[in-house]
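A.B. asks: Based on the provided sequences and hints, a complete structural model is requested.
Letter by letter, the chains look like this.
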Amino acid sequence: MQNNKSVHRFQLAVSLLGCLPVLAVTTIPEVPVHAGSAETIATESGATGLLLGKFPGASAFDKAWSVFTLYKNDNNQILQEFSLQGRFQIQYADGHSNDGHFDIQDYKNNGHNESVWGDRLEVRRAYFGIKTRWFQNWKLEGQIDVDTDGLDGAGPGHTLYKDIYDLYLTYAPSDAFNISIGKQEIQLPREQEISSKEILTFERSQSANMMHPGNLTGIWVNGKGIGEHWLYHFGIYGNDQVREFSNFNGGTLVLGKIGYDYSSQAGLDSAIVSFRYLHNSQPGFKSAEIDPNYAAPTSPAFSDSICLSNDLIQGRFGLTTDLLYGFGYHGNANQAGVTKSINQPDVFGINVIPSYFIADGLQLVGRVQFATSAGADGLSLPSRYEGSSQTTDKKGNTYTSLYAGLNYYIYGHKLKIMNGIEYSRLGGGDYDGYTFLSGLRFAF
Amino acid sequence: MKTIISLLTAAALVSLAGAQTLSIKGSDTLGAKLVPQLKEAFMAAGNKGVKFEIAAEGSSTAFPALANGTAQIGMSSRKIKDDERTFCRTKGVYVKEHPVCHDMICVIVNKNSPLTKLTKDQVAKIFTGQVKDWSEIGGAPGKISIYTRNTSSGTYRDWQKLAMGGRDYPSSSLKMAGNEQIAQEVAKNKSGIGYVGLAYSKTPGTKALPVDGVEPVAQNARKYAYARLCYFYAPDKPNADADAFMKFVESPAGQDIVRKVGFIPVKDL
Chain D
2 MQNNKSVHRF QLAVSLLGCL PVLAVTTIPE VPVHAGSAET IATESGATGL
52 LLGKFPGASA FDKAWSVFTL YKNDNNQILQ EFSLQGRFQI QYADGHSNDG
102 HFDIQDYKNN GHNESVWGDR LEVRRAYFGI KTRWFQNWKL EGQIDVDTDG
152 LDGAGPGHTL YKDIYDLYLT YAPSDAFNIS IGKQEIQLPR EQEISSKEIL
202 TFERSQSANM MHPGNLTGIW VNGKGIGEHW LYHFGIYGND QVREFSNFNG
252 GTLVLGKIGY DYSSQAGLDS AIVSFRYLHN SQPGFKSAEI DPNYAAPTSP
302 AFSDSICLSN DLIQGRFGLT TDLLYGFGYH GNANQAGVTK SINQPDVFGI
352 NVIPSYFIAD GLQLVGRVQF ATSAGADGLS LPSRYEGSSQ TTDKKGNTYT
402 SLYAGLNYYI YGHKLKIMNG IEYSRLGGGD YDGYTFLSGL RFAF
Chain L
687 MKTIISLLTA AALVSLAGAQ TLSIKGSDTL GAKLVPQLKE AFMAAGNKGV
737 KFEIAAEGSS TAFPALANGT AQIGMSSRKI KDDERTFCRT KGVYVKEHPV
787 CHDMICVIVN KNSPLTKLTK DQVAKIFTGQ VKDWSEIGGA PGKISIYTRN
837 TSSGTYRDWQ KLAMGGRDYP SSSLKMAGNE QIAQEVAKNK SGIGYVGLAY
887 SKTPGTKALP VDGVEPVAQN ARKYAYARLC YFYAPDKPNA DADAFMKFVE
937 SPAGQDIVRK VGFIPVKDL
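Top to bottom, those sequences are chains D and L.
Quick note: the first sequence uses my numbering, first residue 2, plus one each step.
Quick note: the second sequence uses my numbering, first residue 687, plus one each step.
Hints were generated in silico from the structure; no laboratory data involved.
Warning: the hint list may mix true and false statements.
[To be verified] Okay, derived cross-link-like pairs now, DSSO-like style, lysine-lysine, Cα gap no bigger than 27 Å in a straight line:
| id | chain 1 | residue 1 | chain 2 | residue 2 |
| --- | --- | --- | --- | --- |
| 1 | L | K767 | D | K415 |
| 2 | D | K225 | L | K767 |
| 3 | D | K140 | L | K806 |
| 4 | L | K893 | L | K803 |
| 5 | L | K767 | D | K140 |
| 6 | D | K140 | L | K811 |
| 7 | D | K225 | L | K847 |
| 8 | D | K132 | L | K777 |
Note that the structure is a prediction, hence the values are computed from the model and not measured.
C.D. replies: In structure tokens form, the structure reads like this:
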């Protein structure tokens with residue numbers, strides 16, 4: 002009850018600040034339905050949102066989070082929804098390896114332009130943006146990457162704005178067909194496809210990150226429920242990863258995915274198998290665009306990558322499996338206007354992530370990673386945080402890792418606490434150690 | 687003293703037992719007519735002690751209610767979404783899917799209309815007002831009169847999504863209170879067209895048209911353009927009342943009611 006009162010007070014305060022009309026405790030009325038009623042009795046889904054001072058939801062958390070919905074009305078023919086969206090994730094890491102102790106301070110000192118509070122807490126992700134729906138079938142959504150300490154980058158005039166994380170316009174007339182244009186995160190393995198709001202581990206797997214082309218500008222179509230079971234995605238993107246939108250001068254990246262939902266055949270709550278193919282016309286490209294406040298990442302050195310994924314949910318149990326293969330690139334690449342020779346061996350990776358709810362809201366998570374490269378030094382230690390250890394040989398040809406974690410969900414994936422420990426070993430290089438991680442994740 | 691304590695205990699137990707309510711929330715397609723009738727039949731079958739609360743506010747309301755424990759059964763005219771299942775799981779609710787029936791919305795015209803079939807594209811163009819005269823699609827010349835449900839009906843919005851690509855109805859469309867009224871108006875108006883549930887597709891004076899070559903009959907529910915499977919969702923370990931009610935719905939007696947209300951029993955296909 003006290004909790005509810007606090008939320009109502011907060012909502013009232015927020016509304017008053019905006020000089021808006023307030024109905025802080027309004028909920029959508031329930032409609033009594035009587036047997037034998039001749040026709041549909043449905044509520045006229047009234048408009049809700051911060052701008053109207055109407056906060057729907059059954060629980061105090063529901064009402065609190067509804068503050069981020071500025072306006073929502075399915076019956077408005079022009080604008081159906083205008084919401085704020087974002088995520089804020091902070092984490093602590095502490096590691097020990099055969100080369101000694103390392104932590105976030107070492108990560109910061111290794112030249113990573115990321116927000117670090119004090120020397121121990123990294124603001125892992127801070128995104129803020131909007132999510133809107135217009136004319137029933139049109140969606141415009143996007144987020145910027147926020148520099149929470151205003152110190153990232155080397156240029157003058159530090160600001161909270163780092164880059165456009167994603168921004169795209171979608172036409173979605175049905176589940177079976179959506180078409181979008183803009184900038185989005187490229188998703189090769191299933192693990193990448195799961196939003197960072199909802200991933201069960203702190204970081205994605207080494208092989209998944211190694212083949213990840215970043216956030217790119219392009220056009221893509223996707224859909225699901227075709228013939229009840231099939232799903233797909235096809236996209237074409239400019240390969241240059243830049244602060245805002247592509248200059249289309251770094252080659253082309255093509256991503257295709259086909260999936261099959263076999264939940265009903267398997268008698269499982271959810272079961273989807275999928276195959277993805279990624280082609281990169283200019284592996285190893287790095288934009289020459291000079292921006293002191295943005296360090297352009299380098300495109301992965303794989304000409305083609307494939308991934309076979311399986312994702313299962315049954316009751317308390319979940320299991321995500323990715324098998325990846327990257328065809329290494331051997332040749333020259335344009336990196337910030339300079340031609341560089343690249344000799345990347347093929348890489349194979351398997352990542353298995355089981356999970357189990359041991360109590361309401363408390364989930365045990367495991368992960369097994371194994372990656373191997375066809376030649377020496379084909380794999381790199383992940384920059385978070387093993388790459389920050391004192392080792393002088395961060396490249397190898399086998400990478401093995403075991404993760405065990407415990408996630409506590411306060412309000413679903415919108416507010417949760419994560420803890421985990423990961424043991425990793427880099428064969429053919431020099432790393433053998435473990436990292437303890439702890440973090441808080443908030444999303445709306 | 688003992689007697690007083692016993693009486694108070696008994697009274698408390700009775701009041702607790704009396705407070706047991708089976709709360710069913712979600713889809714108005716199911717919650718408007720079918721579930722209330724199933725409830726009546728369930729109570730008549732010897733389950734008078736169960737109190738029902740039925741809230742038909744749309745499928746999307748089913749899952750937060752299940753997650754928050756304010757509903758024991760969720761009604762949905764679509765499959766649960768990934769994020770909805772995930773949210774339920776993080777709240778300790780592991781939902782199971784229980785198919786209840788197929789819902790079929792049929793396109794009807796006046797029985798004297800020369801039209802014998804339509805395509806999905808033609809249906810979309812008619813109901814969005816892009817096609818205004820029957821002669822534009824091979825019918826006898828005459829302005830098309832569109833009969834729809836009223837804006838508070840869930841079917842009004844469902845039809846927009848299923849048949850009209852989410853676009854709006856023309857302002858000239860005539861809003862009716864229910865299936866019966868639509869069928870009656872179409873029967874009276876030779877230029878009329880409307881959509882009704884399967885149970886009303888044989889209303890005298892009207893005829894239901896095949897869409898993309900598929901006849902609107904129960905046997906075609908899996909391939910007809912405007913048909914969908916409707917579900918109950920409940921925790922993997924439902925309480926006794928919810929379990930008994932869902933078993934009743936799946937029983938021949940329950941499925942018979944499904945048929946009578948105008949839906950298609952899952953086992954019929």
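A.B. asks: Next, verify each hint and record whether it holds.
C.D. replies: Hints and how they fare:
The hinted pair formed by K767 of chain L and K415 of chain D meets the criterion: a straight-line CA distance of about 17 Å does not exceed 27 Å. Only pairs whose Cα atoms come within 27 Å are accepted, and K225 of chain D paired with K767 of chain L is accepted, the gap being roughly 12 Å. Only pairs whose Cα atoms come within 27 Å are accepted, and K140 of chain D paired with K806 of chain L is accepted, the gap being roughly 24 Å. Of the supplied pair hints, the one linking K893 of chain L and K803 of chain L holds, its CA atoms being roughly 10 Å apart against a limit of 27 Å.
For the hint pairing K767 of chain L with K140 of chain D, the CA-to-CA distance comes to about 18 Å; that is within 27 Å, so the pair holds. Proposed proximity of K140 of chain D and K811 of chain L is supported: the alpha carbons are some 23 Å apart, at most 27 Å. Distance restraint check for K225 of chain D and K847 of chain L: the Cα-Cα separation of roughly 15 Å lies within the 27 Å cut-off, and the hinted pair is therefore satisfied. Restraint check: the Cα-Cα separation between K132 of chain D and K777 of chain L comes to about 25 Å, which is no more than 27 Å; the hinted pair holds.
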